[in-house]
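Order-wise, the sequence lines are chains A and B.
Read in order, the letters of the first sequence are residues 1 to 268 in this note's numbering.
Read in order, the letters of the second sequence are residues 1001 to 1445 in this note's numbering.
Just so you know, the hints here were simulated from the structure itself, not pulled from any lab data.
Model, not experiment: these values are computed from the prediction.
Mixed in with the good hints there might be a few duds.
The calculated DSS-like cross-link candidates involving lysine-lysine, where the alpha carbons are at most 30 Å apart (straight line), are [claimed, not checked]: (1) A:LYS209 with B:LYS1133; (2) A:LYS220 with B:LYS1133; (3) A:LYS227 with B:LYS1431; (4) A:LYS227 with B:LYS1338; (5) B:LYS1071 with A:LYS224; (6) A:LYS200 with B:LYS1104; (7) A:LYS244 with B:LYS1133; (8) B:LYS1431 with A:LYS224; (9) A:LYS244 with B:LYS1068; (10) B:LYS1064 with A:LYS200; (11) A:LYS202 with B:LYS1104; (12) B:LYS1068 with A:LYS224; (13) B:LYS1104 with A:LYS198; (14) B:LYS1094 with A:LYS220; (15) A:LYS254 with B:LYS1104; (16) B:LYS1064 with A:LYS224.
Anything over 12 Å on all C-beta distances counts as not near chain B; from chain A, calculated [what the hints assert, rightly or not]: (17) LYS202; (18) LYS203; (19) PRO247.
With beta-carbon atoms standing in for the labels, derived distance ranges [said to hold, decoys possible]: (20) A:MET208 with B:ARG1333: 26 to 34 Å; (21) B:THR1136 with A:PRO242: 55 to 63 Å; (22) B:ASP1351 with A:SER8: 26 to 34 Å; (23) B:ARG1333 with A:PRO242: 32 to 40 Å; (24) A:GLY249 with B:ARG1148: 31 to 39 Å; (25) A:MET208 with B:MET1135: 18 to 26 Å.
Where is the CB? At the ideal position from N, CA and C, for every residue including glycine.
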Amino acid sequence: MTKSLIYSIIFHSLMILLTVLSLPFMTREPIDLPPIVSVELIQISDKTNIPFAPKARKIIEETKKKEERVVSEQAPPAAKAKEKPDRIPLPDDKKEKKQIVKKKQNPEEVIPQIRQSSEFEKKEIIDTNQIAALIDKAKEVEAVKKNKTDKLTQSSVKNSFASGLTLSQEDALKAQIFGCWSVPLGLPFDDDLLVRIKLKLKKDGTIMKSEILDHQRMNKPGQKFYKVLAESALRAVRLCQPLKVPPTGYEKWKDLQLNFNPTEMLKG
Amino acid sequence: MKRISFFLIIFFLYTKSTYALIEIDITRGNLDPLPIAVSPLHVDVKSETHKDMNIKELGSEISKIIEKNFKNTGLFNPLKKEAFVQKPDIAHLKPRFEDWRLIKAQALVTGKLLVKDEKLKVEFRLWDLTAAKEMTALAFTTTPSNWRRVAHIISDKIYERLTGEEGYFDTRIIYVSESGPKNERIKKLAIMDQDGASTKYLTLGNELVLTPRFNPTNQMVTYLSYFRNMPRVYLLDIETGMQEVVGNFPGMTFAPRFSPDGKKIIMSFAEDGNSDIYTMDLETRVVERITNHSSIDTSPSFSPDGKFICFNSDRSGLQQIYVMRSDGSDVKRITFGKGIYGTPVWSPRGDLIAFTKVRKGRFYIGVMRTDGSGERLLTENFYQEAPSWSPNGRVLVFYRETKSGSKGEGFSASLWSIDITGYNERKLTTKTDASDPSWSSLLSK
């Protein structure tokens, strides 16, 4: 009796410990509301995409070369502190830089109204840095380094959540699927229609397996519209094969979840 | 202890794998109509001849009607038949999906028909080409002369499967056919299939007819006709051609319309020179007064659940739209925009009210929610009015008149349709000038 009690106590205290340890991650998950996040990402990418794309290769190449060095580098806030006095760019540039850096130093103060999870804040920060880096051409190399450090901290601290794709990669994928998806226009716009599809991908971006997450809802009576939407989403995914996935990091993106939400479109 | 550590590892692995999943939100897509291939129906070689019908061509005729129906919805893009790569009979057995995907089709309709013993047997299949599977398949047997309806019913089934909402192809539209000079118009009741085919005239044209309206539950029509300058409300059974007078009403009588259960007629007429809203029970012929106001109340229309009535009234000074309970209580004004609002019609889906709006001499057809919010004007013109809903509440049919000269030259009236998104405005083909359309419910229901 006492033995099992002890086991129970040990086990329970372990569970409590585990919960406490993993609590921050758990609290973050529900904040990961797709619509809000997506809006932000699109806006940023619109800004970054054009100037960033040609530079992206350089950045990636350099990261590859200096991967080891980067690991040993300092955490991002410190790097920034050093950076500021270093630079003596044009006065305009300087102003912009300052603003961005402020944002980065205490991101939680800036963004709570948007209610984003910190992972995405980080993403945003990476991106604003890239913008800054592109403006400040003289300091390009430094910016690249910073970019790397950010990435690394993100993956090490945040359990590599959502870090499988860069914004541009994600945008490329989105743009591809946007093109393939014929939204069924007869759907009522005020219904709660969100179809989540989980994909298992091959390395070349073709689909090994696709699964609708709430597929039992499809065959329920009165869910005709959901069924139509789910089918259209599946068609889109299949039409788009092979998906435009990044050439590297297969492990990160081999499982992919697509959330199809036509509400915005139908409200038009 | 080993077990615990095992669970621990599982737990960590689990949490790790959850967070590693990348999620991407797809909030946009293309608004292009869905590319669909409608293969001609294969005509079975055992088919016999039937009267003077060209059975051999029947398969492609049916597919043409289906294509036309789809094109008119604006939601589908039927692909050209020249690009088709597989013969109808083989495609109907098992299509080569890759070949059809090559011509960018996402859905495929195949079918076959057989005429034997004076009966037409038609079967069809709808294929999802990207998923390489059959979505639906049905067969019908009917008399061969009914082949157009078969085409419409197939269209309805496919439309329903692909959009999730009921179709509206196997339906008819009743309207007032007009001919002659503007000040001496001959007006007859006419009915046609929703696609403009099979026009029939139901009255001779020696009496003025107005505002035909379908019973939402069957193929009965109510309309207004002047007999010796007295307005009379008639009931007409389209299947049998039987006609009966519901009653003579005093003064100006307007726009009789059925209740959703088809058991009552609601209309407005003027007793003591002031127009109010009344209902009449068709069985007992008891007339009940619904509104009693010193202003002019007209154009009543029931909500599909029968609990509310929307109507026109000038009680605020200008003509606006009001909603009340079906017993006349709880009257609420719902339009507050600039201009005059008229002819409110409650959608069969229940979510919207269609109306005509006049502002600065221009006429608009629009829709709004039943509380008056979310007003959307769909189309604007010199003169247009009388919207009527398709049975699925997605398309409106209305009529439009052109500006005429001082002697009435250049005048014409025609039927138009538009869907509630405001896209896809189309002119309906009618044999004569036409006004005052009303859309029937599905015939095959």
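Comparing the hints with the structure gives:
With a C-alpha separation of about 16 Å, the suggested pairing of LYS209 of chain A with LYS1133 of chain B holds against the 30 Å cut-off. Distance hint between LYS220 of chain A and LYS1133 of chain B is fulfilled; the C-alpha atoms sit about 20 Å from each other, no more than 30 Å. A distance of roughly 41 Å separates the Cα atoms of LYS227 of chain A and LYS1431 of chain B; the hinted pair therefore is violated under the 30 Å criterion. For the given pair, LYS227 of chain A sits about 41 Å from LYS1338 of chain B by alpha-carbon distance, which is inconsistent with the 30 Å threshold.
With a C-alpha separation of about 22 Å, the suggested pair LYS1071 of chain B and LYS224 of chain A falls inside the 30 Å cut-off, and the hint holds. Restraint check for LYS200 of chain A and LYS1104 of chain B: satisfied, since their Cα atoms lie roughly 25 Å apart, inside the 30 Å limit. Taken as a hint, the LYS244 of chain A and LYS1133 of chain B pair is honoured in the structure, with Cα atoms around 26 Å apart against an allowance of 30 Å. For the hint linking LYS1431 of chain B to LYS224 of chain A, the alpha-carbon distance of about 38 Å lies beyond 30 Å, and the restraint is violated.
In summary, the hint linking LYS244 of chain A to LYS1068 of chain B is not supported, as the alpha carbons are separated by about 37 Å, beyond the 30 Å threshold. Note on LYS1064 of chain B and LYS200 of chain A: the hinted pairing is violated, with a Cα-Cα distance of about 41 Å set against a maximum of 30 Å. Simply put, LYS202 of chain A and LYS1104 of chain B have alpha-carbon atoms about 24 Å apart, close enough for the 30 Å limit, and the pair holds. With a C-alpha separation of about 24 Å, the suggested pairing of LYS1068 of chain B with LYS224 of chain A holds against the 30 Å cut-off.
At most 30 Å may separate the alpha-carbon atoms for a hinted pair to count; LYS1104 of chain B and LYS198 of chain A meet this at roughly 25 Å. Between LYS1094 of chain B and LYS220 of chain A the CA atoms are separated by roughly 29 Å; this keeps the pair inside 30 Å, and the hint holds. For the hint pairing LYS254 of chain A with LYS1104 of chain B, the CA-to-CA distance comes to about 28 Å; that is within 30 Å, so the pair holds. Taking the CA atoms of LYS1064 of chain B and LYS224 of chain A, the gap is near 27 Å; set against the 30 Å cutoff, the hint holds.
With a least CB separation of 16 Å from chain B, LYS202 of chain A remains clear of the 12 Å interface cut-off, as annotated. For LYS203 of chain A, the condition that its CB be more than 12 Å from all CB atoms of chain B holds, with the nearest at approximately 15 Å. Even its closest Cβ contact with chain B, about 16 Å, leaves PRO247 of chain A beyond 12 Å, as expected for a residue assigned away from the interface. Checked against the hint of 26 to 34 Å, the pair MET208 of chain A and ARG1333 of chain B fails, with Cβ atoms roughly 60 Å apart.
About 30 Å separates the C-beta atoms of THR1136 of chain B and PRO242 of chain A, a value inconsistent with the hinted range of 55 to 63 Å. Look at ASP1351 of chain B against SER8 of chain A: about 57 Å separates their beta carbons, and that is not inside 26 to 34 Å. Taking 32 to 40 Å as the suggested C-beta distance range, the pair ARG1333 of chain B and PRO242 of chain A does not conform, at roughly 58 Å. Between GLY249 of chain A and ARG1148 of chain B the beta carbons are some 58 Å apart, a value that contradicts the proposed interval 31 to 39 Å.
Here the CB-CB span from MET208 of chain A to MET1135 of chain B is close to 24 Å, well matched to the stated 18 to 26 Å.
Of the hints listed earlier, those the structure fails to meet are numbers 3, 4, 8, 9, 10, 20, 21, 22, 23, 24, in rising order.
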